[in-house]
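A.B. asks: Protein chains in written order, with my numbering: chain A, 1 to 258; chain C, 1 to 258.
Where hints are given, some of them may not hold.
Repeated chains share a single entry, so a pair holds when one copy, or any two copies, can fit it.
Here are the simulated DSSO-like pairs of lysine-lysine, each with C-alpha atoms no more than 30 Å apart in a straight line [unchecked claim]:
1) Lys44 x Lys14
2) Lys44 x Lys59
3) Lys17 x Lys44
4) Lys194 x Lys256
5) Lys204 x Lys23
6) Lys167 x Lys194
No lab work stands behind these hints, which were simulated from the structure alone.
Spelled out, the chains give:
There are 2 protein chains.
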Amino acid sequence: MVKEIISIKNEQLKKWKKLQTKKGRLASQQYLIEGFHLVEEAFKTHQQIEAVLYTKHGKEKWNSFLHPFEKSQKVLVSDEVMKKISTLPNPQGIAAVLNLKTDSQLPLNLSGSWLLLDQVQDPGNVGTMIRSAAALGWTGIILGEGSADLYQSKVLRAMQGSHFYMKIFQGDLQDWIPQLKKQGFKIYGTDINKNATPIFEVEKTSNLAIILGNEGSGVNANLLKMTDKNIYIPLSAHTESLNVSIAAGILMHHFKLS
Amino acid sequence: MVKEIISIKNEQLKKWKKLQTKKGRLASQQYLIEGFHLVEEAFKTHQQIEAVLYTKHGKEKWNSFLHPFEKSQKVLVSDEVMKKISTLPNPQGIAAVLNLKTDSQLPLNLSGSWLLLDQVQDPGNVGTMIRSAAALGWTGIILGEGSADLYQSKVLRAMQGSHFYMKIFQGDLQDWIPQLKKQGFKIYGTDINKNATPIFEVEKTSNLAIILGNEGSGVNANLLKMTDKNIYIPLSAHTESLNVSIAAGILMHHFKLS
Numbered sequence: 001m002v003k004e005i006i007s008i009k010n011e012q013l014k015k016w017k018k019l020q021t022k023k024g025r026l027a028s029q030q031y032l033i034e035g036f037h038l039v040e041e042a043f044k045t046h047q048q049i050e051a052v053l054y055t056k057h058g059k060e061k062w063n064s065f066l067h068p069f070e071k072s073q074k075v076l077v078s079d080e081v082m083k084k085i086s087t088l089p090n091p092q093g094i095a096a097v098l099n100l101k102t103d104s105q106l107p108l109n110l111s112g113s114w115l116l117l118d119q120v121q122d123p124g125n126v127g128t129m130i131r132s133a134a135a136l137g138w139t140g141i142i143l144g145e146g147s148a149d150l151y152q153s154k155v156l157r158a159m160q161g162s163h164f165y166m167k168i169f170q171g172d173l174q175d176w177i178p179q180l181k182k183q184g185f186k187i188y189g190t191d192i193n194k195n196a197t198p199i200f201e202v203e204k205t206s207n208l209a210i211i212l213g214n215e216g217s218g219v220n221a222n223l224l225k226m227t228d229k230n231i232y233i234p235l236s237a238h239t240e241s242l243n244v245s246i247a248a249g250i251l252m253h254h255f256k257l258s
Numbered sequence: 001m002v003k004e005i006i007s008i009k010n011e012q013l014k015k016w017k018k019l020q021t022k023k024g025r026l027a028s029q030q031y032l033i034e035g036f037h038l039v040e041e042a043f044k045t046h047q048q049i050e051a052v053l054y055t056k057h058g059k060e061k062w063n064s065f066l067h068p069f070e071k072s073q074k075v076l077v078s079d080e081v082m083k084k085i086s087t088l089p090n091p092q093g094i095a096a097v098l099n100l101k102t103d104s105q106l107p108l109n110l111s112g113s114w115l116l117l118d119q120v121q122d123p124g125n126v127g128t129m130i131r132s133a134a135a136l137g138w139t140g141i142i143l144g145e146g147s148a149d150l151y152q153s154k155v156l157r158a159m160q161g162s163h164f165y166m167k168i169f170q171g172d173l174q175d176w177i178p179q180l181k182k183q184g185f186k187i188y189g190t191d192i193n194k195n196a197t198p199i200f201e202v203e204k205t206s207n208l209a210i211i212l213g214n215e216g217s218g219v220n221a222n223l224l225k226m227t228d229k230n231i232y233i234p235l236s237a238h239t240e241s242l243n244v245s246i247a248a249g250i251l252m253h254h255f256k257l258s
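In isolation and in its complexed conformation, chain A is listed as follows (with noise of 0.2 Å):
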């Protein structure tokens, strides 16, 4: 018999309707994933999968998706549980509890071609950068301190399961800037400043970082001198910006090798 909870009251569901807050999160290491799609990314990529919930309607839709499945990992739950957990009006019969990935040491081996968020505060953004840096075939990202929490429901929404196919780190960037240049990066910051150069006219490098920053202030000042080269990219003269994401994806883009 699969484990079965239909009282909203049970002590196992209020600890993952806490996984909603990242306090929650920190405390029992778990993130919860909701949807068809996403539980399948994480079943193909094998993440680690404390336990997957589903109704009654899920479990006969999604019943041969199921069947793989230990026992002890499975849960069936009443609309009504499924409801509390969620985060969405209307969810989708199935989720799962993952635990979390939290890499908080950089390691010495690096290369390739890196994202560095700088305090990127709408989850939207940060799971759509992420989204287009898996697409793009970039290596990785450095969540720098600030950001949106990798693992709130929007930004995994937004991400739809592509951090499973990447290299996420979180620190603070002060201090793994100068451990990205030991190992051979060259770091481009954004900057919207005229001493920056138009990226047309920037080479492109393997082991690369380009640090993309907040949505009102854009790069911290401390930030983008301790880059390589500050870049831009070229906008017709009465406008103000490109969206953050905007901006990454066609950055990602212009600077992909090969």
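Chain C: place on chain A using the hints.
C.D. replies: Relative to chain A, chain C alone:
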């Protein structure tokens, strides 16, 4: 004396509140913009401003900006009234009612670079694409049927006033694509089909229109048959797609002339 609206039962207020719906906007041929940035852009770009609404706090903050408006345009409203009109949980103390500009006839002398949207439903995507088009120096946008309404609040927020700088039409792409072709345009559809051409192999050209499609289903198959070429951005093997507004940003940057 400027007009003053303090009662939430006021008839004029009821009319403005209806601008939150497409039906209401079409009935009065007006729409509402919120916040100082958008109202300032509307003023700078000489939009037809029916009314500028502000709270007492707004008047204190933007007094010199409000000065050049006609008395007949200015309406002081209570905080309660502003909250009623606004689509935001915490409205800024300023908003404006503008006249709709809807061109349903395609002019006969078009040129430049155009983005065609086929059933792009997410208002954030539509707004962001228009903001990118303006920033990247594209000429205009044609919103096909089934795309998010240009004048709804979420589209307006994402556009950030960029629509004041763009040519924007709304119409049936099935009818308009042949007209664009007659005017000498090249039409490129976006498609993930194997027969499509990677963008690196496609010539850049003036008088170009690129079609972007629905978030789930892409560009309508009938439209893809009407194009000169269907194109794609090469992506990593495991990835399904880019967000449509990111794809649009990359394409508009890639096919920019000069």
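A.B. asks: How would you label the pair Lys204, Lys23 (within, between, both, or neither) given a Cα cut-off of 30 Å?
C.D. replies: neither (40 Å within a copy, 50 Å between copies)
A.B. asks: With identical chains treated as interchangeable, where does the CA-CA distance between Lys167 and Lys194 reach 30 Å or less: within a copy, between copies, both, or neither?
C.D. replies: Between copies only: 29 Å across chains, 33 Å inside a chain, cut-off 30 Å.
A.B. asks: If the cut is 30 Å between Cα atoms, do Lys17 and Lys44 qualify within a copy, between copies, both or neither?
C.D. replies: within (25 Å within a copy, 49 Å between copies)
A.B. asks: Since the copies are identical, ignore which copy is meant and state whether Lys44 and Lys59 lie within 30 Å (CA to CA) inside a copy, between copies, both or neither.
C.D. replies: within (19 Å within a copy, 58 Å between copies)
A.B. asks: Checking Lys194 and Lys256: alpha-carbon separation at most 30 Å within a copy, between copies, both or neither?
C.D. replies: both (25 Å within a copy, 22 Å between copies)
A.B. asks: Can you tell me if Lys44 and Lys14 fall within 30 Å by alpha carbon in one copy, between copies, both or neither?
C.D. replies: Result: close within a single copy only, 28 Å intra versus 53 Å inter.
Comparing the model with each numbered hint stated earlier shows that hint 5 is the single one that does not hold.
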